[in-house]
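Protein chains in written order, with our numbering: chain Z, 114 to 576; chain X, 102 to 487; chain S, 1052 to 1149.
No wet-lab data here; the hints were simulated from the structure. Hints may contain errors.
[To be verified] Straight line, CA to CA, 20 Å or less: simulated EDC-like cross-link-like pairs of lysine to aspartate or glutamate: (1) Z:206 / X:376; (2) X:390 / X:247; (3) Z:504 / X:184; (4) X:390 / Z:575; (5) Z:410 / X:376; (6) Z:504 / X:182; (7) Z:410 / Z:204; (8) Z:287 / Z:263; (9) S:1146 / X:397; (10) Z:461 / Z:403; (11) S:1071 / S:1134; (12) S:1055 / Z:263; (13) S:1146 / X:361; (14) X:390 / Z:403.
None of these values were measured; they are calculated from a predicted model.
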Amino acid sequence: MRSFNAVVVGAGPAGMSAAIGLRAQGLSVLVVDEQPTPGGQIWRAVEAVAPTTTGALLGKEYLAGADLASRFRSCGASYEPETRVWQVEPEWKVYMTRSGQAESVAAGHVILTMGAQERPAPFPGWTLPGVMTVGSAQILLKTSRQIPSEPVWVVGSGPLPLLYMAQLVRAGGKIAGWLDTSPAGGWRRALPWIGAAMASSKDLLKGLAWMREIQAAGVKRVRGVTAVRALGQDRLQEIEYIQANGKTMRVPASLLLSHEGVVPSIHMTQALGCAHEWSSQQACLAPVLDEWGQTDKPGIYVAGDGAGIGGAYAACVRGELVALGVAQRAGRLSGEAASVQAAPLREKLKKLLRLRPMLDALYPPRANIATPTDDTIVCRCEELTAGDIRKAAAIGQPGPNQLKAYTRAGMGPCQGRQCGYTVAHILAQEQGRTVAEVGFYRIRPPLKPVTLAELATLNIDEQ
Amino acid sequence: MQREYDVIVAGAGIVGTAIAYGLAGYDKRVLMLDGADRDYRAAKANFGLVWVQGKGYRYPEYHRLSAAAADAWPEFAAGLEAETGISLDYQTGSGLKFCLSDDELSARAKMLDAWEAETPELAPSVRILDRSELARRYPTMRLGPDVVGASLGEQDGQANPLRLLAALQAAFQRRGGMVRNGHPVTSIKPLAGGGFEVKTSEQTARAERVVIAAGLGSVALGRMIGLDVPLHPERGQILVTERLAPVLPVPASGLRQTGEGTVMIGVTQEDVGYDLSTTSAAAVRMTRKALRILPELGKARLVRQWSCLRVMTPDGYPVYASSQMYPGAEIATCHSGVTLASFHAGPYAQALASGRHLQTLNAFPLERFNVSKNQSPQHTTADALH
Amino acid sequence: MFRKISPPSTPPLTLSIDGKSVTAERGETVASVMMRQADPSCRHTPVHGSSRAPFCMMGVCFDCLAIVDGASSTQTCLVPVAEGMCVERQLGRPKVAS
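Model the full structure from these sequences, guided by the hints.
Given below as C-alpha cells:
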C-alpha cells in the first residue's frame, strides 16, 4: 500500500496551496482530483485557458490561478488527476479509483478540499433540459469556450451571476433578462457592515464594475422577483416569474440559469462523522474546525470553500494554514514556529473574509427555497416533489433519515447533494423546528458511485 | 383508574409497528413510542427477504413459525396495501441460495434434508437445482461459471422492508393508533391497581399493557419489568446499486433486485459491538461474491453501503416473554422482522388483544438462556421508590 | 443550447452521440458537447422516464449521466472527450446484461 504524510483531495486553490505548503515543510504529498487538470471550479482548465482570449475575457481573478497551478506542478507533490476518492477510513486510508482500478492509500493526514457547490434552489420545472446553474454556464465558458446560443435568462443573486453576466457580455453573448431575487432594501441590510465594505473597497468596486458592464449592455433587470417557474414539454420553453408587486409574467425562454449562492460541500466530512454546525448567516452546514483547519477527527483537515465560503484567495490562505498545522502535527514544525508563520496568514484571511457577511446580507437565498410548492421536485434523482415529502412527514414526525427510508429521498446517485437541505427545510416547517434541529441525512460511502467491477479490484489483503 | 391507552408499544421498528398495527385492528387504543432519527434501527438494515428455507435447523419450532408466517404473508400484504395504497413489492413462490462449489451444494442438500425431516407434518418446500436446471428455470439469468447450483425454496420471497415499515405506520395511524417519534422510553413503572406508567423525556402516559419491542434497547427496558433479556448486536453491512434494468428475476440469499430496480448485496455478520461504521474490505468481499454469481453486475454502480445492528439473542431465535412480576408487560424480539411481520400483526397481536396466551410462544421462552425472570426491576430514573 | 464563441485552434476530434457523428474540441467534456446539440438531453430518468440534461457541470447533480464507451451512468461532465468515443443517451434504467 502506498503511503504519504498527507493526501490532499482536490486540486483547486486550497488543495494546490496546501500541497505547496506541505512540500515546503518536507512532507510527502499525494494530490488527487477527479478532473484532468488542476484548478478546481473557480480556476477550472486555467493552464490551457489562461493564455487564450477566453482567459482574458474571464478576467484577472481567473488568470491568477495560472501562477498557482505552475507552482503546484513544480512543488514535488505527486499529482494524480482523473482520480475519484470514494471513501476515507480510520486511520487514515483513502480509497480511490482511476481507470477502473481501485486503490487504498495510507495517509498520515487527509486534507479535504472538496470546495463548494451551488445551493440547491428548487422551483417548479427546474429539472427540465434548458434549466442549469449559473456556475455550470461559467464552467462551459472556461472548459469549452461556449456561451448560450440564444438570449439567456438568469434568475438569482450573488457575486457569481454578476461576474458571469459580465463575462458573457464580453464574449458577445445575449442576456434576455436577469430576474434578481435579492429582496429590496439590500443596502439597508448591508449597512451594519459598511465599515468592512470600506476596508474591502477593492472587492466591492469589482462587483460594482461588473454591475456597470451589465447595465451598459442594456441587460433587463427585474428586481425583487420572489418566485420562478420553468415550463415546457421535455425541455424549457417558457418561464413564469412573480415580481415584487405580485404580478406574474410569462415569457418564452430556452435557457434559464439559476444561482442562489454557494454552500460548502459537506458530503465527505459528514460521511466521516465530523461535527458540523449550522451557520444561519450562510444558511448551511459547515464542518467544525480548529484554528488549523482540523476537524474533530484528528488528522482530517478541511481547507477552502469546504470550510466556509470565502472565495479563491481565502481558499489559498486556508490551504497554507492547514499545511502549517499538519507540519506541526507531523513534528516538522514547532508550535511556536507554526504560530509565527501562521500569524500573517490569519491576518490576511481575516481581511479576505471581511466582506462575506455583507455579501450574505445583500444576497440572501430566495426565500421560497425553504418552502417549495407541493409540485416542485425536491429530490431530482428520485423525482419526488415537496408534496411527496410533506405527505411522508405526516407519518409520525420523522427525521430526515426516517423520511429517506419512507420516500427514497436522498437515495439516488447524488445521495442528498441536491435535496438534503430542502428536505430539512420542509421537515423544519412541518414540525415547527429549526433546520439545525432537524439535521441532515446520514451520509455513507461510496462518496462517488464506483462500479462493482472497480470495487472488486481493490487489494483487501493489505487492509 | 382510567388509562389513556390500552397498550403502549416501546419501539416502532418492524417488530413494534407490526404488533401495534395488529393491536389497533382489534380496537385497542395504542401508543407507539420510538427513538430518535439517528438511533440504531435494525429495521433499516433488513435485507427484505420473506424467507423460510433452512430456518430453524435443529430448532424446528422456528421453522414452523417462519413457515406459518410466510403462509400468512400474502393476505397480510394484500390487507396492508389495500389499507394504505402503499405497494410492498411483495413476491413469493421462490427464493434461491446459490452454491459456488460441489461441496457447498451437497452440504446444503444434506442439511435441507435433515431440516425437512424435523418437521414431517409440513409439506416439502425446498429442492436442489443444479446449474442446468437453474438455467432452464431462469433463462434470463447469466450465472457466473462458479455457480454449481442452488437450493430453491417455494415458500420464499421478498418485500420492500422500508415500504413495509412505512405502510405499517400509516395503517396503524389510520386505525387510530398514536405514534411519537423522537420519544425514546426512559422508564416503565407498574402502577398500583394494574397497568403501567411509561415515561419519555417529553411525556408520561399510562396503559393497561406494555409491549417492549425496542430492539437492542429492550435490554434496559426489560429490566424495568423484571425481565433480563440477553441481547447483543451483530453488525450487518449491505450494499445497494443504482436502479438497473431487470437482471435478477428471483430473490436470493444475499442478492436480490428490488421493485425499484436496485440490487441489494449483503450481508455481513460481524461481532463488533455498537460500531455502525462500514468497511471497504467488507464491501469488496460482498461484491466479489455477488460477481461470482452474476458477473454482469460488474457494470452496475454502487450507490451506497450502510450497516445496522441486528438484534441477536444468544441462539439467534426470537424471545417472546411475559413478565411474571408485572403481568401485562411483554417483550418481543427477533431479527427476522420482515418474515415474522405477519405473525406479529396477526396471531401475536390477536392473542395480546384478547388476553389469551399464545401457545406458539412457548417455544421461545426467555428461560432457555438460564436467566432469572424474577429479578428485581432496575430503574434508571430518580423516582424509583414507588 | 450553447455555441462556441470562436472556432477551435486545435484540430477537432470526432465522437458519436447515439450513432450520429459530432465534432469536439480537445479538452472539453462530453457534457459540453451534449449542450451544443439540438437536443441537449443525455438521459431519461429511471423513475419516470423524464428527459434530463446536464445541470451543474461539476459532478454534484448526477443528471448528466450517459453511456460512454459502454460504461453506463457515466457523469459526462467529468469525462474529457477522446477521438472515436461512443456516447449513447441512457434511456431509463441502465442495462447491465449484454
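_Indices of hints not satisfied (ascending)_ = 14
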